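Chemist: Dock chain B against the given chain A, drawing on the hints supplied.
Just so you know, the sequences run in chain order A and B.
Our numbering numbers the first residue of the first sequence as 1 and each following residue consecutively.
Our numbering numbers the first residue of the second sequence as 1001 and each following residue consecutively.
All clues given are correct.
Derived SDA-like pairs: lysine to any residue, alpha-carbon spacing no greater than 25 Å straight-line:
(1) 1013/B <-> 347/A
(2) 84/A <-> 1076/B
(3) 38/A <-> 358/A
Beyond 10 Å from chain A on every Cβ pair, some chain B residues (computed):
(4) 1002
(5) 1004
(6) 1005
(7) 1021
(8) 1022
(9) 1065
(10) 1067
(11) 1086
Read the hints as simulated data drawn from the structure, not as lab findings.
Remember, predicted model here, so these are calculated numbers, not experimental data.
We put the beta carbon where it would ideally sit given N, CA and C, even for glycine.
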Amino acid sequence: MAGLNTLTIAEARDKLRSGETTSVELTESCLNAVEASKALNAFVHDTPEIALAQAKAADDRIAKGDAPDMCGIPLGIKDLFCTKGVPSQAGSAILKGFKPEYESTVTQNLFDAGAVMLGKLNMDEFAMGSSNETSTYGNVVNPWRRGNDDTALTPGGSSGGSASAVAADLCLAATGTDTGGSIRQPAAFTGTVGIKPTYGRCSRWGIVAFASSLDQAGPMTKTVRDAAIMLEAMCSHDPKDSTSTDLPVPNFEAALTGDIRGKKIGIPKEYRMDGMPSEIEQLWSDGTAMMKDAGAEIVDISLPHTKYALPAYYVIAPAEASSNLARYDGVRYGHRAKLAQGDGITEMYEKTRAEGFGHEVQRRVMIGTYVLSAGFYDAYYNRARRVRSLIKRDFELAFADGIDAILTPATPSAAFGLGEMADADPVQMYLNDVFTVTVNLAGLPGISVPAGTDKNGLPLGLQLIGRPWAEDDLLNHAYVLERAAGFVSKPSKWW
Amino acid sequence: MSIDTETARRVAKLARIRVEEENLPVLAQEFNNILGFIEQLNEVDVEGVAPMTSVTPMRLKRREDVVTDGDMQEKILSNAPDAREGFFAVPKVVE
Chain A
1 MAGLNTLTIA EARDKLRSGE TTSVELTESC LNAVEASKAL NAFVHDTPEI
51 ALAQAKAADD RIAKGDAPDM CGIPLGIKDL FCTKGVPSQA GSAILKGFKP
101 EYESTVTQNL FDAGAVMLGK LNMDEFAMGS SNETSTYGNV VNPWRRGNDD
151 TALTPGGSSG GSASAVAADL CLAATGTDTG GSIRQPAAFT GTVGIKPTYG
201 RCSRWGIVAF ASSLDQAGPM TKTVRDAAIM LEAMCSHDPK DSTSTDLPVP
251 NFEAALTGDI RGKKIGIPKE YRMDGMPSEI EQLWSDGTAM MKDAGAEIVD
301 ISLPHTKYAL PAYYVIAPAE ASSNLARYDG VRYGHRAKLA QGDGITEMYE
351 KTRAEGFGHE VQRRVMIGTY VLSAGFYDAY YNRARRVRSL IKRDFELAFA
401 DGIDAILTPA TPSAAFGLGE MADADPVQMY LNDVFTVTVN LAGLPGISVP
451 AGTDKNGLPL GLQLIGRPWA EDDLLNHAYV LERAAGFVSK PSKWW
Chain B
1001 MSIDTETARR VAKLARIRVE EENLPVLAQE FNNILGFIEQ LNEVDVEGVA
1051 PMTSVTPMRL KRREDVVTDG DMQEKILSNA PDAREGFFAV PKVVE
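For reference, chain A alone in the conformation it holds in the complex (with noise of 0.2 Å):
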């Protein structure tokens, strides 16, 4: 019998409320499930005391009835949120030792639904890189692998942790960030699904900011029927995020109707690249064909600016980052460089941030302050961020002509080996954001969902790009797709 780690969040919320199970059995499940993992690095900081006394709460809660869907849900979270008393480090050396003295919104929302946390998950340093490979925790390592082949693949990045956690169930569900694809991309090399919803709906209060008008928090999980019960419980207006919205968030669960008759799906012509490998181009198709036969209308569209998408992210990410990053200097919080003799406070800022910051960090640092220096300001700067109001406008004009969801791959490509991309070029890897990083720029939400394999059975995704503030409406077109493709291959078990 399949262990309890390996239900989805619905099917846990069904077997807590009939009796069936407890939270204690689910979390001990998925402790065991964690503590058998480490060769997946997914796990960096476990909380297993935290856990069972979330767990023990949250059985006292559901005996007495009236419990929320996600009281009792054993969840991973992304090392990027603020958790009280425990370490929050952004997967960096920098803030070894952090533990804060908050709570995240987000996660004060889940604990407040009665969720459980059996921990810290691993993440690519401050949510740079696309691969996991820039963590001071080392790499994560993807569940999936080639075959028989045992080359240790990639799980995406930078919610890494999150991605292969939820894929190697141990956990029902996790939390990510995506500031240009960190939920979408990891959730489409794992077999799971993310969303990043609508610029604000979620607060970004309590997560360590990278590019603060990119990022926002959701889940990852096994089905489109979770992400939306789980997307629902971490969404609220929040006095401590200005940007964070204040409309009602609706039931997103109950907009599952898997009903997409009369919709009109847009298949954007720019998304198809040169070079992109034959079997992400027939998913693509096979998508769209599965879009139609559930009666929706299908639509060639044009979203003239994508090109620019990526150049114009590689400015603004990395300006509002170096902006964002100038905090850690040693004097409140984290690491602080042994000083030599003489050292002022100069020398410890520099020495501090150089000893702190990974490779990857430093560079974006670099260049999000030469893009904002002097004299470069108005040629890089403002330039991005007016070609990124053009493509904002894209999408704004697609939408207004009766659009109601996108559909495109959400990676040029299966998971890679780890270790594969060490000596390509910086922009080579950058480019695996190439479908997702336009939905960040325009704010809207987006969900990647598996919807088949490649030639060696590693999962591959489909990202549907919905409305501003129409997740529901994006849930249920990920629901029909979801349905639709059948994906339910799960890695085997070698960790």
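Modeler: Chain B only, in chain A's frame:
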């Protein structure tokens, strides 16, 4: 636009990240690769286009300008690498 070693040194200084002298040429080369990629933005006609300032059109909320929090010196200092007598301690700033 090409970044030389001198510019790389200046950027590292501005970012307050110590980069050893022998690593500056490699860093300059990496900057050039990334900036070469960014140069594509010059192809776009942005005449008359306003820079995007907010992702979703929204009015920032206002609140009363009153103290809502405070009196938590111990919590604020709890993660400091060096805290003394209720203050963050740093190396000497002025001679």
